[in-house]
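Asker: Those protein sequence lines, which keep their order, are chains A and B. If you read the first sequence in the working numbering, its first letter stands for residue 86, the second for the next number, and so on. If you read the second sequence in the working numbering, its first letter stands for residue 86, the second for the next number, and so on.
Source of the hints: derived by calculation from the structure; they are not laboratory data. Hints may be right or wrong, so weigh each one.
Note that the list lumps identical chains together, so a pair holds whenever it fits in one copy or between two copies.
[As the list claims (entries may be wrong)] 27 Å max Cα-Cα, derived DSSO-like pairs, lysine-lysine:
| hint | residue 1 | residue 2 |
| --- | --- | --- |
| 1 | Lys347 | Lys410 |
| 2 | Lys681 | Lys660 |
| 3 | Lys356 | Lys172 |
None of these values were measured; they are calculated from a predicted model.
Protein chains: 2
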Amino acid sequence: MKILLIASAVLLFGCVGFAQSQPQLNLMPMPSSVQLGAGQLRIDRSFSATVTGSRDGRLERGVARFLRQLARETGIPISPNRDSGAKPTLTIHAAHEAQRVQQLGEDESYELVVGEAGATLNAPNTLGILHGLQTFLELVQVSPNGFAVPALTIKDQPRFPWRGLLIDVGRHFIPLDFLKRNVDGMEAVKMNVLHWHLYDHEGFRIESKKFPKLQEDGSDGQYYTQEQIREFVAYAYDRGIRVMPEFEMPGHSSSMFVGYPKLASGPGPYKLEPGGPPTAMDPTREDTYKFLEKFLDEMTKLFPDQYVHIGGDEVDPRPWNTNPKIQEFMHEHGMKDVKDLQAYFNQRVEKILSKQHKTMMGWDEVLHPELPKSIVVQSWRGAESLATAAQQGYNTILSFGYYLDLMWPASRHYAMDPISGAAAALSPEQKRRILGGEACMWGEWIVGENIDSRVWPRNAPIAERLWSPAEVQDPTSMYARMDDLSWKLQRLGLTHRSSFEMAMRRMAGTDDIESLETLADVVEPVKDYTRMDSLKTVWDFRAPLNRLVDFVPPESDEGRLFQEWVQTYIRSGYKDQASAEHIRSSLMEWRNNDAKLQPVLNRSFLTQELAPLSTDLAAMGSAGLSAMDCLEKSLPCTEQWRTQQLSVVEGVRKPKADLLLTVASPVQQLIEASAMADRR
Amino acid sequence: MKILLIASAVLLFGCVGFAQSQPQLNLMPMPSSVQLGAGQLRIDRSFSATVTGSRDGRLERGVARFLRQLARETGIPISPNRDSGAKPTLTIHAAHEAQRVQQLGEDESYELVVGEAGATLNAPNTLGILHGLQTFLELVQVSPNGFAVPALTIKDQPRFPWRGLLIDVGRHFIPLDFLKRNVDGMEAVKMNVLHWHLYDHEGFRIESKKFPKLQEDGSDGQYYTQEQIREFVAYAYDRGIRVMPEFEMPGHSSSMFVGYPKLASGPGPYKLEPGGPPTAMDPTREDTYKFLEKFLDEMTKLFPDQYVHIGGDEVDPRPWNTNPKIQEFMHEHGMKDVKDLQAYFNQRVEKILSKQHKTMMGWDEVLHPELPKSIVVQSWRGAESLATAAQQGYNTILSFGYYLDLMWPASRHYAMDPISGAAAALSPEQKRRILGGEACMWGEWIVGENIDSRVWPRNAPIAERLWSPAEVQDPTSMYARMDDLSWKLQRLGLTHRSSFEMAMRRMAGTDDIESLETLADVVEPVKDYTRMDSLKTVWDFRAPLNRLVDFVPPESDEGRLFQEWVQTYIRSGYKDQASAEHIRSSLMEWRNNDAKLQPVLNRSFLTQELAPLSTDLAAMGSAGLSAMDCLEKSLPCTEQWRTQQLSVVEGVRKPKADLLLTVASPVQQLIEASAMADRR
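With the hints as constraints, model all of the structure from the sequences given.
Answerer: Here it is in structure tokens:
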């Protein structure tokens, strides 16, 4: 595996002659090298693209798709079979075909040169062309003179060869169309691996013809047929994306035991029900391996990719520790604990996969000296395991820090570099074993309707981390570019923005949602595993996901911007008028919103739980305004007032309806600042 | 053909015990009879539906689709294969299967009874079930206690058996997915005919295997394959919708002549180019009929529907009048004018279709004593031709008054009743020949991206006119219900609302579009054929449709509501405080908007043309505020001021950028009222 060298990380913004009309290049991920030129290439009805080099079907389809996307980005009809004979606007040249089965580490580089008279896109193979076309699309901007792409030279290649997104369809089924949309988004941000977590305790989502009870008994009837799987793999391939399946074992697989209880360590029977007993496969029976061999043989034929993920995480030791037969087996084979037993299981599975010419991959629990160095380790429990695996000679990818289900802000994911911490101290050879990373969209709280808003746009900064030079790390620039990209993704068909508004109307049962939006704009879902941990009963995977927490964006733009205004204001010594006005007008809006919102909330069982949050927001508005009065007039707020207000903030900070009020912190800062003001 | 009797047009809103939680039934089209009961049927996770009667594939798929839609309307997972054995929430019973090929005049009635313990849906056949399921979906509302459907009894059937939507794909190709979305919308409003205008001068959109140059030379490469046609017809059938193809002849068919110039009356060659010469088929050559026989034989096999539309409108007489051979033919056959010649052509085509067991339909120009009474006449040039045709013994449908491309307000379409004017005076037997009507979405100004916003939601009131009792005609109720439906349609996948916002961002090239939205919210596209008529050069069907006029809704909600406020205010003798405040705050917003908007408009060539409109809006804001000052203080505005302001309004009324400012009229009313105020 070869990590491509970064040719240049210098980003030349603000060149003379360019800055006037194009203040910033809205590219995400940022290319490794951009040289701005003078002038622009106009994009109008005469646009045409020509392929001069190697052309495989994937390239042809990619160019046709590019033309459709260009038409959508401009509203200019660009018909597919125009061949005017005139000089083409864009000349596309791939030196060679790419591999028939997309390989890890294939050259994905490209060079895009745009001048006033035309553009050329060169790449060693189709993959680079696909990436370059996406870059070209992102460069199209409207100007006073028409649509145009700035003159420039981009030389680009990924920093890491493995840039993935995991989607878990086990907990909740995600219809194929929704997955395709997300693959479109992945293409836009140059990700190249869709890691498909195909089943889990709660549901088995892929048709097996050899073992049909897997999907028939192991799901609620919602699964992908083999034909759909093939269709999806082809769809992703066309977009430069490998599809790696995950067949989770020996844990996280209760849904398999419903139809085939003999696979399991326990006595069964098993049901698809919330809060079932701990389960794991029985690694001591030869029948288990016979089953898995047949099963994997059938499954891996559906997935041409070299890698097969076998999960291997979070195996509950209880079913093994409480089964005398298994205990006896461990004793006989000199295994000191369940880790040894799992390593034995993994070795057996690895041999099956080897015979099927597949490379095994697993979560970091699979790391064990007995496993061959050919396997790939996916680090999720901490970045240390990444460094450890690389040190021990394993190829490895990072997912710790990239869990989209934890509802972190984009900047936090963005700051997580695979080669940092312990990994930074590795030798160059060891570092090369760090293949990249994967964002993970675990499925406990997602369904088709809200998956887009959980993945996007936060997946884009992760894609940039894995593609762009390590030096590209300014969060302000990232947020600006992510916001721009977010609209492009919506035009591409993703619904991360539109679904939110529709869900609010449905929740409220009315179109009069302005005051609800005011509240919704400043709340965020609780972070980490708080939502799961705070459940009063067992998690019910069949419960509706139709509350505000299920649709509100993981990160509040409004909350982030308010925080920025407050910081500007405080740093200015309470003198900056623009920020003061902005802060005041927001605080007033929040204070006055409650009276309008409460009657709306009361109409629907889905919004009633938001009443305390609305009250809290009004309280923050009032407290903030009082603090502003003190700060602006340099009049002291009494200590008593301050103590009281801070205790209000304390209460406001507590999650309600699984939501957090993002303005509590900045308002607290204003209150605390009012103490400093006294001392001026 | 049987027009079903209206059982009852009484709508019982506001019954005791119901009004408290359900102030209005948001149903569109309104059923012919609704009897409200007491209580509600809860919709929760235990929901199940059972089919007890006849079950054909269409019914099974319809129920599965209903369950998915119900899940989407509530966010409650309702898995397809749940069969708990418990008492079903909804029992569905069709007495018989519907026809394998959907027939005009099939019984579409249904009866829906909802009680607190469950609901039953009964219908003579599958068609009624499909309609009843849509009604059930519309009844689902959120309440403080959960989702629920009010207890009631609905007996419903359509007023007219032919309730259609024409979509023209000749001028601009509309991708199949976009058509499917619109069929989903049609199902929601119980329309039952998709009239597919498959080609026109500008493009031939359907694959012919016998005459492949039709689509190859006659289009820009964008057409439907025969496989797609079959797929689409099946898709529509599943939703209770007949697909009637239109093969336009002898006019509006230049695209056919590009590949087959011998069909035409002129010498050719023909090209797909804006502003070509006038063309028509040559009705004097036997080869023309041989071609048409083969062509129609191939085409009608793709469309199982009984009816085949042959167009027949707007035949340009010049190619016939200037062709000596044709003139000679006319003379020989004793034809006194081109109308006789067209009647001859129509007779010949009718015989071909008769042989193929199809019934011919045509636009009202086909009306000629020589045509058999079996044909159906579609009235577009005026409602009189509808009455005339019915009087002469022809079956007929109305499209005059239902042209969606004319950008009329919904209320204007809604007021057009097929049995009004001359038709009202017909005998009962003649009235029964009026089969219904069709909304027409002509394609000059639509592409895939904006078709939804041109069809929806205005198609819904037309659907109601054709389904509901004639007495259902209150525009206020219509607008309220249409607005509610509009959001449901967006949840169904239509993009009439979301596409507008995305287009504005693209036009402006920025996310800072608040001020642009303020302007966009009060403008409407010019009406009737003004846009076409005002072209300075020939209409270019290849020109981009990416300006504000292409996306702004045909009817401005904001403009309509402002007009209502002004009327309330004037009627109150300038005393009503609520309306005064509303009017003032709008006027102020408009006056102040220009300063924010102009810099935004200036950034993009697509928005620069809006600058004068923004200035106009500010002028209307200022003028309106001055008028309000006069009215509120009962101080006279000077005659000079008034004259001056009215001349400003005069200028503002002129279309700019093909848009009209809707607030000119109400502001003029305020200015004129200020004259009345003087005289108090």
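Asker: Of the numbered hints stated earlier in the document, which are not met by this structure?
Answerer: Of the numbered hints, all hold.
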